[in-house]
Amino acid sequence: MMSVWSRPQFLHLGLFFAAYVLGCGFAQALAIVPGITVSIWPPGGVFIATLILTSPYSWPWWILAGCLAEMFAQFVWFHSPLPAGFLIYVGNALGAAVGATLVNRACGRPVRLESLQEVLAFVVLGAGVAPLVSATVGSATLAWFGIASQTFTAVWPLFWIGDATGILLVAPPALVVIQYWRSKTQLPPAQRVEAGVLGLIFLGVAALSLSDVYLPTPYIIMPPLLWAAARFEFRGAAVALTLLALITMALTISGDSQFVGAPEFQRERQVMLQLFLAISAFSALIVAAISRQRQLALVTSRDRERELSQLVDMVPSHVWRLAPDGEPIFFNKRMVDFLGLDVADMIKPGMSRMTAMIEAGVHPDDRAAFSDTLRHCLATGEVLAMRYRLRRQDGVYRWMSSRAEPMRDQDGRIVQWYGLCHDIDDQVHAEEALRRSERQLQETIDAVPVRIWSAKPTGGPVYFNKRYQDHFRSVIADFEALEEPRIEQLLQELIHPEDAPEVQNTLRNCFETGGMSTMRFRWREQYGAYRWAECRVEPRRNEDGEVAEWYGVSLDVDDEVRAQEALRDRERELSQLVNMVPVHIRRLTPKGEPTFFNKRLLDFFGLNDLAQLDKPDMSRLAAAITTLVHPEDAARLLETVRHSFATGEPYSMKYRMRHADGAYRWVDGRGEPVRDQSGAIMQWYAISIDIDDEMRAQEALRDRERQLQQLIDTVPVQIWCVTPGGDPAYINKTMMDYIGLKLDDFDADGGLPSAIRTIVHPEDRARLLQALTHSFSTGEPFELKFRNRRWDGSYRWTEGRAEPLRDESGRIIRWFGANVDIHDFVTSQEALQERERFLWQLVETLPAMIDCAAPDGEPVYRSQQLREFLGYELERLDGTGKSRLVGTLDAGVHPDDLAGVKGGYAHSLSTGEPYARRHRLRRFDGEYRWVETRAAPMRDTEGTIVQWNVICLDVENEVRAEEELRLAQESLARASQAASLAELSASIAHEVNQPLAAVVANSHACQRWLMAEPPNLERAQKTVERIIRDANAAADVVSRIRALFKQSGEARSSTALSGVIAEARNLMAEEAARRRVRMDIDVESDLPLVALDRVHIQQVLVNLIRNGMDAMDAVAVDRVLEVRVRRVGDLVQTQISDRGAGIEFPDKIFEPFFTTKGNGMGMGLAICRSIVESHGGRLWAENNEPQGATFVFTLPIEVKAAQ
Amino acid sequence: MTTDDHIVFIVDDDARLREALSELLDSHGIRAAAFGSASEYIGANKPDIPACLILDVELPDINGLDLQRQISKGDHPPIVFITGHGDIPSSVQAIKHGAVDFLTKPFSDADLMAAIQTALAEDRERRSARAELVALKQRYLDLTPREREVLPLVVSGLLNKQAAAELGISEVTLQIHRRNVMQKMAASSLADLVRIAQRLEIPITHSRRAGGNRA
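Those protein sequence lines, which keep their order, are chains F and C.
Each residue of the first sequence is one higher than the one before, counting from 1 in this note's numbering.
Each residue of the second sequence is one higher than the one before, counting from 1 in this note's numbering.
Note that these hints are calculated values from the structure, not bench results.
Since the model is a prediction, treat every value here as computed from it, not as a measurement.
Nothing false has been slipped in among the hints.
Computed spacing ranges between beta-carbons, pair by pair:
1) C:ALA110 with F:GLU1144: 37 to 43 angstroms
2) C:ALA15 with F:LEU1010: 22 to 28 angstroms
3) C:ALA135 with F:LEU1010: 43 to 49 angstroms
If you want the ones that stay clear, here's a sample from chain C, every Cβ over 12 angstroms from chain F, calculated:
4) SER37
5) TYR41
6) ILE62
7) SER72
8) SER91
9) ILE95
10) GLY98
11) ALA129
12) ASP142
13) GLU149
14) SER156
15) LEU159
16) LYS161
17) THR173
18) LEU193
19) ARG199
Each residue gets a CB set at the ideal place from its N, CA and C atoms; glycine is no exception.
So that you can see chain F by itself, here it is in the shape it has in the complex (with noise of 0.2 angstroms):
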């Protein structure tokens, strides 16, 4: 809904309303006649012009407002009942949206009221038909309620010029306002200083003709009105008329007005003003409308005036008028582009315009015909058609045509001339060259070295060319005297007359036929000698194909023609001489087809012609060939002759042909192309000799060689063969094969040197240059490795042998040589010695020694590196009358460790185990240092052993490095032991010292309390309880700190005894060293598992081990500390034995806080017995016989559940 009713602005609503409200109040004030309302209705106008100026779906909000401001001013105003106030609001409503509705049907939106019909069908159906409905409405509202006591047809009249003057004076200017205000169009000076004049004399006659005092009718203001509606169409007439309505309104307002009198009638006289008001305004409009359409009009002509005018112009042609005496009197644009000049420039003095046009246009050459022409068009009135050059405004004379032709009036006299001229100079250039290039042709035919003629078929003159009439002239004496010359007549006198007849006869063929025709003959030259000319006559056809035109040539071939007929007597003898030599020879075509065979093969065929050879489907080569040659022979040379055919090549070939007598003869048979000069091939001339017996001799030395030659080639060895100077021979087929080049690949001149250059090795060549001139130098067979080089460009060692042959005299004459590839040989050879080389330089060159040793330990070989650390070599250890081991053992090793390396190495060479020992080992420098040493048996495929290969390492540094980690180590644990038991200390006593200050403070204020006057007893005894409960809690701290070592046993697995105790031994074995203690661990083998906290049992033993220690302190000798490990029923049990003064109180000193020792804390033990009873087990302490003591704890085998 909302959008099909669209809502204007409220702005709009606003001036609306108040318009309308302001024309109420206007009415109001216009009220003259009592008892009628009103006498105009302003708002009438108002309304009927902003519903044709909005949309119509607008229009309810428009209504909407307009009722309200109705409903205001019948408020304010009229006073009327609601009702009949709506009733008359409906009318005018209803009157309105009928009026806007009929005058846009009529005129279309939007209405600009500028045409007359716009103008009448506003008038009449706005002002004239709306009011109809309101006026009807209205008067019977009235008369119905009876409002001023009213009658129908009293009211209506009123009622209908008041609405319709009021529409006719408000709603034009309405629409122009709104119209001037949306255009804004400004007026020129000129016409705003005459409304300022217009306006004033309007005023002024206003005044004074509305008046009553001073003109006698209201309508003298008719002229200043009209005048400003004609000048200033509908803005004037709208202004003119609000004016007059103001004056009219104020004058009979304020009581002026000549229609204010007498109140009897007053009636009338408010109908005067009505219709006074109605008819200017309606005269104002139309006279509005015809000025605004005859403005139109005049614009659209002068538009297309300009247009025409343009057209002139921009025509591409020069458009001129003349008078009819030939003045010029208008050129268009481009024509006065084109002169530069225009018809104005030509009037000067003594000279007629048309003169004056030409002497500046024309070119002179043609200013005479030009004028003359254009007089006796001007004269006769004929149309004016000429070309002449026209100047051009830049100097440049053009080629025009021109044509002008005459207007004449109806009387038939001539008016105008009209003229047209365009350029048509390329087109007078481009003739001009087409007459040139004619003229070069007829000279190009003159000139050539040919004699031409052309004739119609039609008979009639023959012509000629220059030459040809040259010709006529130097032979005929008197052939200038022939008028005609016929053609008959000039063969007759010109031609040879062995050849006149038959000449005769082609042409009158040619002509008669129509075809072309060459010929030759003999023309009479100077002198009576004859020369032979070839003469060519060709038809030239129209499109119709008949003959247009004859044409003939002839040219000189007179030279041409004496060289052939010598060249044919030649021939003749030579065909005589063919014919006589003892071969046999054919000629064939270039295409191979026999033409000739000369006498001596036609009898050894026994033919006697040619022809004879012919078969059908076949060409006579291929019929000879296969007639004539052995079947074994036919396809191959057939074959080659058809392949020398083909590329011009000659041939020769051995092949088989039948004799007359049936059998088949060896013949060497050639052919050679015979070319003519531009190399193209006109014959093949082939000779075939006999060669029969020749053959056949050859043929069995050839079986015989091949043989032998099958057997060298076949032979899996390269055999060569040199002459006594070294040139190389022959080489057999593998050897071929082998180097991948035959013998004529060798450079031929290079000889021997060549041949080694090509195929040896470059590092061998020299050597083999030399072997090989050595033997053939001397005769001594040859023999030499050396590298040579295969098809595929490896070089491989070869053995080369080489004999000489020698003739009976014992001369050399031939070096029969034989080569064989030992490249593999050689190189398996040469790796093996390479690998054993590099296996020697990892031995010598790896940073250990090494030694290797004979089955029984003897060493066989020691490693520079060892070597080196020793300062010996190993032959010195021989002939000390030890074997070298022992020698060495003895001389190297540390006597400490000379034991135990002399039994490892004992055990191993017997039982043939791996040995490895970490043992010191003197250097040469004296000094003994750490070294692993590892040995291991190599063995044969069948096991026994060949060689004990030994590693040494010097390992002085890492077990030194060892060391120091391991003495590091300990201290660090020694130090986060004493760290961790001062921090115990710490807290033990924090725990312990806070109950016990609150103990002593309690003590003292307790005291107090007694000792005051009087004793305070209540806090005395308060402060006593305090005490016991702060003591407990001391108590209490100690027993938490024992249960803090009862560990759960969750970190707990099942573990070897003896590796725990390992462990422990060897963490203490440094201190055991220091302190000068022996420690003799007896761990009973084949141990069950116990499940323990390695940790927590580590510590028991380090702990106890350390107390043993601790108490042999004093002891001065003999101090041991032993450790046994024994299986006591389903317990381990750990005995930990010192030499010490034993314990004074065996039972208290696991009790927390019991230390028999200067500094100890009294907490180790207590600790120890809660983690040994956490695992199940127990902890307690013997005296032993004679002193010391022992520590006994045992675990549990089986895992049970500790707490």
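Use these hints to put chain C onto chain F, whose structure you have.
Chain C alone, transformed into the frame defined by chain F:
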């Protein structure tokens, strides 16, 4: 029974010890206030009377020594440290930072009471010194700007003539100012005024000797 003119603060995380110490001090007729941690002590509203702080070294939030360092910037009661296990470094540190005593638990009644009495006496002294200084400062603030200019000249030992010349005023005017200064600063003699100036740390800017500026 207990006196209100001094108080002992106890800071110890052990409730039993706090209780015991409170009891003990109570039995000696000394008012005590106990706190479980340093922050509790810092946050507490403490009366402005001579006091002593018994401070445990091991405290749950911050170490007692750290607390000492923290409060050393402001006015605080003298500290008597108590500890479960006294180590030498921490006791040295505590004493160096002005602790009255460093007692190791358990400590005797006599040691504790002696330390407390020493601390309280020290605090009283400090307080009175502080109060006197505040009074002096207030008096100094009551001086007019010109009198504040005159004061250093006078205490520097300049003759009236010299001081007047220094300020560019007449000797008579200077004498009036000088009298006012003496009166306002409640100094009975010039020597007294010099002593007061020293305490107020008023610099002696001039020397009576000619060319004193050379120094």
